[in-house]
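Engineer: Residue numbers (this note's numbering), protein chains in the order written: chain A, 36 to 326; chain B, 13 to 243; chain C, 63 to 194.
Errors might be hidden in some of the hints.
Going by beta-carbon spacing under 7 Å, a handful of chain A positions derived as facing chain C [claimed, not checked]: (1) E198; (2) H199; (3) C231.
Honestly, the hints are just simulated from the structure, not real lab data.
For glycine and all other residues, C-beta sits at the position ideal for the given N, C-alpha and C.
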Amino acid sequence: MKIPYFPGCSLKSDAAHFEQSAIEFSKTLGVELVELPNWNCCGTVHSLTTDDIMHHLACVRNMVHAQELGKQLGTNKLITLCAMCYNTLAQVNELAKKKPDDLKTANEFIDDLPDYEGKVEVLHLLTFLNNYVSFEKIAKVVKGRLNGLKLAPYYGCLLVRPEHVKVDDRERPVLLSKLLGMVGAKCVEFPYAVECCGSYHTVNLKEAVIEKTYTIVNNARENGADAIVLSCPLCEFNLDKRQKDVKAVYPTFEPMPVFYFTELLALASGKKVNVNAHYVSPENVLRKYGL
Amino acid sequence: MEETKMIKVYIMGKEHEVPEGLTIMKAIEYAGYKIVRGAGCRAGFCGACATVYRKANDYKLRVALACQTVAEDGMYLTEIPFVPANKAIYDIEKVTPKANIILQHYPEVARCVACNTCTKSCPQDLKVMDYIQAMKRGDIAKAAELSFDCVQCGLCAARCPAEIVHYHAAQLARRIYGKYIAKPSPNLEKRIKEIEEGKYDEEIKKLKQMPLEEMKKKYMEQQKNAEKERD
Amino acid sequence: MQINEGEIEKRDIFIKQVEELSGQNLFGCYQCGRCSAGCPMVSRMDAIPSMVMRLVQLGDEKVLDKNTYWVCASCYTCDVRCPKGIDIAKVMEALRQIKLRKNLNYVDIKKIDGIEELPQIALISNFRKYTG
Ligand code: SF4
Ligand code: SF4
Ligand code: FES
């Protein structure tokens, strides 16, 4: 099965291991993620004012590319990995359906591409695996197990909010726990699973992110986790790379490794984790569980 | 003799009659303007003659290099010889090909909204948006490659809603590419060494002292030889 | 407190502007405070989100002097918890846009501390929210 896939800027640089593990893992399920030709940056955050069509153009362009590639591949689906890309594309896609006049304006402005017809289905890989592959099948296909690795599944904001694009229950999501549980991980429940990491404040209000990371990581540990698992490169930067800054403020702080969920799926199916891509090395934790 | 057909063009809002078939640059000069800043090579390489125009009854704002484009009847036009744009200061020895390197020096690149206006504004038909997008995702090689034919006319920067200075950022990409990513060229290195060792100093000195007429003769000869070689 | 007619008109214009930009019915808010209770950034705000809602209902442009809408992280927690279905995040965005559209950027992109270590995704999202 070949499905159009939107990578996004991070997956081509800092989060290359996110992309690579997702592509490899999908292959073991017989799913080929076909990168959109000519995709452009989604803009990362959905523009929230009613009249700001200009900031939706980037997403509409991507939807056109997905539509055209989909026609060749015989599908209307578009798979995303980064939670920010997912959210931004999905929200614009919803808007295209709800506000046909705005879509018309955007289509008229984008005079170098075919019109977007509004029929693409934007899916996060998690949703795709759940709805179109099934976790049971994954458990069967994947031979390896994660040996009870204790994980805190962190969804952050953009996988579960706002309401019309959420991939799971917005207060108590379970998709990550279910999926990773199927391949032998032990996911703990932890109250900060849907708490914001401070997001783009990491640029101009680093202190806020340091507080958030400190709280979220500690809360994950208090609930018994040895590592955090997530799906967003900005959360990853804040929760992993910023642990360095947390340590500078709180000298007794204990670092905790952070994984993309696809890294662990790939690990379960026999691939290696690229430990060098992590700021907090996961080596000790992996060793503890014999992984 | 057939009479030359005259066409009407509107230069900075004023109507002029000029003979059909002239380039925009020649039409401007025919109309009596002296171009001071808006002309350089007159051959499509220097980017000094950036021009914007509209045709009669057409909403599209079009672009051209005045020295390369033939004036048409009913054109409304003006040259834009200069676009204010800041250049980043950097030490190329210290600029390494990290994914966010262009954003470090030109953070405004992160503001691109993918409207594609820059691509539509490029008289060189470059995929300007695509090279900006390549910078955003840290693909310096692609940015360098896509921007290779940029003449730095500045039209993209004049129109970008994100206020990006595409051509300066692209130059940084090409410099990083040349220094850190491209395979070294042995021929180039050899020639640089020769120059540094003074192999051509004598010849250059001779050229500098040569009378103008002789220099012209030599130039023409050399052109002929080059042509022969090509054929 | 006495308010003259000119003042009332000014307030109406401001209310209408925020309503149009955000697409929200500001007067749906009945000050229950759930938005403020769940806001992850509330401790850094000089007016809590529900207070901002009240100020915009009153058409009080002084709300623009509060830091609330800049400190907002667009996490949508308030949106999903508001019992009246108001997208407060959109109201925050409307306030940001009112400033940004006057060419008043909140972040100077040429003066970012530690830009060397910041990934593109952080810069892109930050500039989207804080520059016009
Ligand atoms: S990329 Fe910009 S500066 Fe370069 S030639 Fe095209 S329009 Fe001119
Ligand atoms: S004109 Fe500016 S904002 Fe539009 S695509 Fe080009 S670089 Fe991006
Ligand atoms: S004068 Fe140099 S490009 Fe036209």
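Engineer: Next, verify each hint and record whether it holds.
Structural biologist: Structure-based check of all given hints:
1. E198: Nearest chain C Cβ about 6 Å off; hint holds.
2. H199: violated (10 Å)
3. C231: holds (4 Å)
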